[in-house]
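Chemist: Now for the letters of each chain:
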Amino acid sequence: MALRDLAVLGKANVKKDAYNKITGEAKFAADLKFDHMLYGGVFRSTVPHATIKRFDASKALALPGVACVLTSKDIPGGNRIGIILKDEPVLVDDKIRRVGDAIAIVAAETQELVEEALELMEVEYDLLEPILSYEDAMREDSAKVHGETNLHMRKHLESGDVDAAFAQCDVIVEGTYTTNMLSHMFIEPDAGVARIEDGVITVYASTQNAHFDRGEVARTMGLPNNKVRVVQVTTGGGFGGKLDISVQCHLALLANATGRPVKMVRSRKESTDVSAKRHPMTMKAKTGATKDGKIQAVEVFMTGDTGAYASYGPAVIVRAVVHCMGPYEVPNVRVDADFVYTNNPMCGAFRGFGVPQVSVCHEGQMNALAKALNMDPIDLRILNAQRPGTVLATGQVLDEAVGFIETLQEAKKKAAEVLDTCKENQGVGVGCMWYGVGNTGLPNPAAAFVEVLPDASVNLMVGCADIGQGSSTVMAAIAAEELGLSYDDIHVTSADTMVTPEGGASSASRQTFISGNATRIACKQAKETLAQTAANFLNVPKEDLIFRNRMVYSSKDPAIKLTYPELMAEMKKWGKLAVGAGAYNPKTTYLDAKTMAGIPYEIYAYGTTIAQVEVDTSTGEVDVQKLISAHDVGQAVDREMVEGQIEGGMVMAQGFAVFEKIEHEKGKIKNPIFSKYLIPTAMDVPEIYPIIVECPGEAGPFGAKGVGEPALIPGIPAITNAVENALGQRFFELPLMPTEVMKKIRG
Amino acid sequence: MDKIKISFILNDKPVTVETYPNKRVVDLLREDCECTSVKEGCSEGECGACTVLVNGTPVTSCLMLAGQIEGDSILTLEGLSKDGELDKLQTSFVEAGAVQCGYCTPGMVLSAKALLMKNPHPTHEEIRRALSGNLCRCTGYTKIFKAVDMAAGN
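Quick mapping for you: the protein sequence lines, in order, are chains A and B.
Counting in my numbering, the first sequence runs from 258 upward without gaps.
Counting in my numbering, the second sequence runs from 224 upward without gaps.
If you are wondering where the hints come from, they were derived from the structure by calculation, not from laboratory data.
Warning: the hint list may mix true and false statements.
Rough simulated footprint, nothing fancy, chain A against chain B, three-plus residues with beta-carbon under 8 Å [as the list claims (entries may be wrong)]:
id: 1; stretch: 266 to 272
id: 2; stretch: 293 to 305
id: 3; stretch: 321 to 328
id: 4; stretch: 348 to 355
Far from chain A, by Cβ distances over 12 Å, these chain B residues were calculated [to be verified]:
id: 5; residue: Ser230
id: 6; residue: Gln313
id: 7; residue: Val317
id: 8; residue: Lys341
id: 9; residue: Ala370
If the Cβ cut is set under 7 Å, some of the chain A residues that face chain B in the computed set are [said to hold, decoys possible]:
id: 10; residue: Met378
id: 11; residue: Met907
id: 12; residue: Met940
Each residue gets a CB set at the ideal place from its N, CA and C atoms; glycine is no exception.
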């Protein structure tokens, strides 16, 4: 039964972008064309660590049709960019820190000429010692990637008395888990176009955060923020990989230098080589419990490689530390984490910010603990589950919006219905997750503007980038619900920095919650004027008015009513405008520098996946057969879209668990293309049973939380645990490549 | 290299384009024929985003040269709806929620179209096989299968 009585939310609406995309009319960045447009390209380093002895572009410049070649000396503003730390050069100045660093950029009349010009550029390097592993990085005498130390970040979280608690435990399980570097493999390679119009540099880009891009471009160009316009065009997938600057600054430089529009479209290889990757991590964990299964203590030490630049690394390490004990009540916790800089590919945000990695650790531990205690894995988790009132290791006390136990119960119920009795080499595994919505312990506001027009249609302007996940659909539904209009009444303009207010990143599963709340606040503001006008006309107190289904009526007597068009006519008569501007910043606190105590997130999403797999013991191949995944989303805004997130997440989880891995050697990615980096195809897809769980709590708009990343996470450990249970062997490293599985089978 | 004239049927209309014989069909369609629904994702025939139908057969247009389509009939997503009316597959993709980022969508729909033209009521296994050359990173394929089922009236 639905928890809330809502007119618009919780149903399935046609996505706002669906018709444009299904007819082929939607324009992605590579589809844009302007008169006199040039094409751009980047000359990149082929070595991981070096200074530049000589760079010569004279032959390229002599090529007819080449408009310009720019290096770091041609940057009018600052030459450092980065989401959290500004440590990445737009164009290399002091030294090269990775394969793929941008040395020079070129603009030419055709794409072919761009490629020819890049071939004609010459560079000589003075090589430096490449730092290629955590161990390399931490050696005292090793070369330093940035500054004085390769230690990018060290974090420590502690609560309770861990040593004393372990001494009292009846059962202790330990394991060291490793996950590898992964690639987003969004299907649209990064692309954009820049042009100058009316003294403003406009960049049309495939991006997850137009407002961040604006700031980076403005700083690079030495311009005020309002002289740069970034428009997020239809974006072909992101998953975190389009949060960093890709083509935006290079395009602005080239357009500025030539005075002409410039387009850049990365090749698949270039896109994979230089966009951020998922951090490879190693996690050493110790979990102690009483003999009846109550967890007493967890200790984790983790290391991660952020590569040449920080990107979202600081967010990944903090989030990994906060989440690494799993969605359980653990009274005594000690976590230490080290992330290092190396000359490997840059790692950053990838759906989950480190939580997928640590889920492999905490759920591997739970699987081992269930076996050690001879307990049912669901019962063990329910016994220890976070619930309303739970005190987290950060000291935060959870409110009523915790639906974790319900996800376990619903998944278990479904499993009884749809899973087969396991034959030999078949196994069932459980995986769970929790996910704090939004940035960790940091301010991360978003805003929305709304105007109800004279005919009761609505313009809603949000900074939030819809990258296909459906945020514009979500915002429209929330606005319609709040205003009492229908979904089709709402038109959404998104992520255009000249039109829409700050939205922050479409990442961290934050937009439904944060931009959703901002949208609702903006609508409440507009509604205030509407309600006053309706109250005057109907002669009832405005507090009694209900806005629903394009009507305004008294809760005391529904016969006292106005239709929305009638209300808007009344507004016009009195010269009233229904406008609103809303902003929302989640209620978090900065975390204590020493203990990480504080409120990292306002709300948490929860999920449970149960996987059934079969292992071919002659080849080591893992066949993922069924995935049941139950998610506490607070309130589903659009049920079909939530299901779509869960299904997409589950298939990505399958890739993570079973076959995806970036192979790199001396800082160079060896498998940047789809024929070498395999992602799941239509042939691989298991039976997926998405389950939507709703819970009380009104922190989110109508109680909604985020689901984008939660949809991925629990599938990974569920599949891993299912393989462990099928073979009676433990696995500590993902992906479960057939060769590794065979090694275990053969002992 | 000299340009050549290539004549073919594009979305039911005869066209003649003067271009280089070694131009890839994906570029010919996008640059010379305004068919930007044809997407490029990998340039090596792996992702299927550039799928078009050549005489009813799905091909990855990044691996085909302009000279190879002389006299052929090409269908892109622009040509799928007739007189403004969407094809059944298009409406079912929308209704099933099978569209997320949309970059794989044109190729995916055309692969499905080719299947349904040959086999109006495919089995689940036949649908999977027909779409196995079209990568999607967003949807987990499940709602795409559902959309094809809906269009086939299965």
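Chemist: Now look at each hint and say whether the structure bears it out.
Modeler: Against the structure, the hints come out as follows:
no.: 1; hint: 266 to 272; in the structure: holds (count 5)
no.: 2; hint: 293 to 305; in the structure: holds (count 4)
no.: 3; hint: 321 to 328; in the structure: holds (count 7)
no.: 4; hint: 348 to 355; in the structure: holds (count 5)
no.: 5; hint: Ser230; in the structure: holds (23 Å)
no.: 6; hint: Gln313; in the structure: violated (5 Å)
no.: 7; hint: Val317; in the structure: violated (5 Å)
no.: 8; hint: Lys341; in the structure: holds (17 Å)
no.: 9; hint: Ala370; in the structure: violated (10 Å)
no.: 10; hint: Met378; in the structure: violated (22 Å)
no.: 11; hint: Met907; in the structure: holds (6 Å)
no.: 12; hint: Met940; in the structure: holds (5 Å)
The structure does not agree with the numbered hints 6, 7, 9 and 10 stated previously, though it agrees with the rest.
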